[in-house]
Amino acid sequence: MSQRTMVVDLDRCIGCKSCEVACKQENGVILGCTWNKVLTVGPTGTYPNIQMYYLPTMCQECKEAQCVKVCPTGASYKGEDGTVLIDKEKCIGCRYCMMACPYGVRTFNEETKVVEKCTLCTQLQAVGEQPACVKNCPAGCRFVGDIDDPNSEVAKVIQKAGNENVHVLPDVGNRPSARYILHSKTATWKE
Amino acid sequence: MSIQWPLVFFTLFIGLGCGTFVSSVILTEWYGKAKQIRTISSILAIVSIGVGGMSSTLHLGHPERMFGALGHPTSGIFMESTMSFLLGLTIVVYLLALRRNASDATCKMIGTIGAVLAVGLAFVNGDAYVMASIPAWNTWILPVLYVASAAVMGCFSIDMLLVRSEDADITTLAKVNRVTLIALIIQAILIVAYLVHIAIAPYPDVTRSVTRVLAGNLAILFWGGMVLLGLVVPTALVTKFSRKNNAPLTSVKFGLVSVLVAGVAFRALMFLMGSSIKQFF
Ligand code: SF4
Ligand code: SF4
Ligand code: SF4
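Going down the list, the sequences are from chains F and R. Remember, my numbering sits 9 above the position in the first sequence when you count from 1. Remember, my numbering sits 281 above the position in the second sequence when you count from 1.
Watch out, some of these pointers could steer you wrong.
[Unchecked claim] So the derived label-pair ranges between C-beta atoms look like this: (1) Glu200(F) x Tyr312(R): 52 to 58 Å; (2) Pro52(F) x Pro483(R): 22 to 28 Å; (3) Val50(F) x Val473(R): 35 to 41 Å; (4) Arg445(R) x Asp180(F): 54 to 60 Å; (5) Gly182(F) x Ile324(R): 42 to 48 Å; (6) Val473(R) x Gly41(F): 38 to 44 Å; (7) Ala480(R) x Asp180(F): 20 to 26 Å; (8) Lys26(F) x Pro483(R): 28 to 34 Å.
[As the list claims (entries may be wrong)] Partial list, computed: chain R residues near chain F (C-beta under 7 Å): (9) Lys314; (10) Leu339; (11) Leu341; (12) Arg346; (13) Met347; (14) Gly349; (15) His353; (16) Ser356; (17) Phe359; (18) Ser414; (19) Leu495; (20) Ile558; (21) Phe561; (22) Phe562.
[Said to hold, decoys possible] List time: in silico EDC-like cross-link candidates among lysine to aspartate or glutamate, alpha-carbon distance up to 16 Å: (23) Lys97(F) x Glu345(R); (24) Lys314(R) x Glu447(R); (25) Lys169(F) x Asp158(F); (26) Lys99(F) x Glu345(R); (27) Lys122(F) x Glu345(R).
Hints were generated in silico from the structure; no laboratory data involved. Glycine included, each C-beta is placed from N, C-alpha and C at the ideal position.
Isolated chain F (complex conformation) (with noise of 0.2 Å):
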């Protein structure tokens, strides 16, 4: 089994929110609504021991994945690739599947009132491009590929990051795909 996915190098994001803009920009996510925000952890501690990190959040492609669990249509669905799509033709907008994803990462369209969320930018994969928050990233934190696959950048890079130093969110069965790299030398992770 394939599971694309996207692993964020904390130690390297600098936090410019480049990454939530293009993603705005390619898949036009109106005012209002968010497949990607970068979030702020910490700081904590006191000074001078203080800690504090960006955490890029978006869909964690869970394996399985809980919103596609209870969702009534059908309308959340696993790609044969692995990553978690909604197909908007046969959304109800019942805001079932929002509320089964353990991380807030579904949003709901108030113009076309259906759920969105990060697609891993299939449309731009599909010609060999890279997700738009992954080419605009000048920090090139970002990475995108077939996590179950060892020879794919995805789990190169973890590899080389060391398990330690591979960070996952909490799982309460929905097994999250997405991984986060960060050295206690940057920060310690909060769970």
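Starting from the known structure of chain F, arrange chain R with the ligands on it as the hints suggest.
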């Protein structure tokens, strides 16, 4: 999460309808009392379920695509819609049977099928919210609380119909009062159990904390809505009815409104505590 009003009224009216029908079937078909309220209680139940169903469609961005849900029978929405439809259908059949003076056994059988469906529907209403992504909802106590809420609303609605009907006898009223009191006690226990769940749920967060419920910005909904209007007022009324051996219609109506408002408060509070493990956007 913000309060999803169409869903609040969906489950409130479904709860009222289910509670009314079940109470009516138990009282009239199982105990053979107050048969005069069978038709009116069934009409009230089906109207209430209809209003609830219509309210739920207001939540949907594209209700016209709803039939797409027929292909996924395991989803909560499919279960809720199918059970609402089946219950509505059963109540119609029951009403027809009453109209055609069907035998007691037939009416009892149809009524019992409807009552089982109604309990199931009230449960499924709450069960649809049980999910690992939302710690404050991830407990079986929630659907049981939906059933208890439906039971309390049903008891008051039956009480109102009984008091309204001229020939209600004192012993029947006393029985309904006793059952209402039991339902209120069960509801109180469940509310405490639910608070315990919130306190020990994993991934604690201020948005779903007991402090927020008891002393924060949800306190008014909890103490004013769920406790005062949902427990104290109805308990005081029922106790007074039992002691004085009568129940003035205005007081019963007041009790019904009180538990309905408490039902809204409970559902609103549930949504306001419904934050995901991580709420990034
Ligand atoms: S992160 Fe949320 S939206 Fe994305 S696949 Fe997982 S459950 Fe679905
Ligand atoms: S809002 Fe659309 S994608 Fe989400 S569960 Fe409902 S039908 Fe499926
Ligand atoms: S574009 Fe890259 S560096 Fe900038 S915020 Fe996004 S991930 Fe971080």
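Status of the hints after comparison with the structure:
1. For the hinted restraint 52 to 58 Å between glutamate 200(F) and tyrosine 312(R), the CB-CB distance of approximately 55 Å keeps it satisfied.
2. For proline 52(F) and proline 483(R), the hinted distance range of 22 to 28 Å is satisfied, since their beta carbons lie about 26 Å from each other.
3. For the pair valine 50(F) and valine 473(R), the beta carbons lie near 36 Å from each other, so the given range of 35 to 41 Å is met.
4. Under the hint 54 to 60 Å, the C-beta atoms of arginine 445(R) and aspartate 180(F), about 55 Å apart, fit the expected range.
5. Taken as a hint, the range 42 to 48 Å holds for the pair glycine 182(F) and isoleucine 324(R), whose Cβ atoms sit roughly 44 Å apart.
6. The hinted range of 38 to 44 Å is satisfied by valine 473(R) and glycine 41(F), whose Cβ atoms lie roughly 39 Å apart.
7. Distance hint check: the CB atoms of alanine 480(R) and aspartate 180(F) are about 23 Å apart, consistent with the given range 20 to 26 Å.
8. As the Cβ distance of lysine 26(F) to proline 483(R) is approximately 31 Å, the hint placing it in 28 to 34 Å holds.
9. Hint status for lysine 314(R): violated, given a least beta-carbon distance of 41 Å to chain F, over 7 Å.
10. For leucine 339(R), the shortest C-beta to C-beta distance to chain F is roughly 11 Å, which exceeds 7 Å, and the interface hint is violated.
11. The criterion of a C-beta within 7 Å of any C-beta in chain F is met by leucine 341(R), whose closest approach is roughly 5 Å, and the hint holds.
12. Here the hint on arginine 346(R) is kept, as its CB sits about 5 Å from the closest CB of chain F, short of 7 Å.
13. Taking 7 Å as the C-beta contact cut-off toward chain F, the hint placing methionine 347(R) at the interface holds, the least distance being around 6 Å.
14. Because the smallest distance between the Cβ of glycine 349(R) and any Cβ of chain F comes to about 4 Å, under 7 Å, the interface hint for this residue holds.
15. For histidine 353(R), the shortest C-beta to C-beta distance to chain F is roughly 5 Å, which falls under 7 Å, so the interface hint holds.
16. The interface hint given for serine 356(R) holds, since its Cβ lies 4 Å from the closest Cβ of chain F, which is under the 7 Å cut-off.
17. With 7 Å as the threshold, the beta carbon of phenylalanine 359(R) comes within range of chain F, its nearest partner Cβ sitting at about 6 Å, so the hint holds.
18. Interface restraint check for serine 414(R): the shortest CB-CB distance to chain F comes to about 4 Å, inside 7 Å, so the restraint holds.
19. About 25 Å separates the beta-carbon of leucine 495(R) from the nearest beta-carbon of chain F, more than 7 Å, and the hint is not met.
20. A distance limit of 7 Å between C-beta atoms decides the matter here; for isoleucine 558(R) the minimum to chain F is near 4 Å, and the interface restraint holds.
21. Restraint check, phenylalanine 561(R) versus chain F: the minimum CB separation of about 4 Å is within 7 Å; hint holds.
22. Contact between phenylalanine 562(R) and chain F, as hinted, is supported at the beta carbon level, the nearest pair being about 5 Å apart and thus within 7 Å.
23. As the CA atoms of lysine 97(F) and glutamate 345(R) are separated by approximately 14 Å, the hinted pair is consistent with the 16 Å bound.
24. With a C-alpha separation of about 14 Å, the suggested pairing of lysine 314(R) with glutamate 447(R) holds against the 16 Å cut-off.
25. The hinted pair formed by lysine 169(F) and aspartate 158(F) meets the criterion: a straight-line CA distance of about 15 Å does not exceed 16 Å.
26. The hinted pair formed by lysine 99(F) and glutamate 345(R) meets the criterion: a straight-line CA distance of about 10 Å does not exceed 16 Å.
27. Using a Cα cut-off of 16 Å, the hinted pair lysine 122(F) and glutamate 345(R) holds, with the two alpha carbons roughly 12 Å apart.
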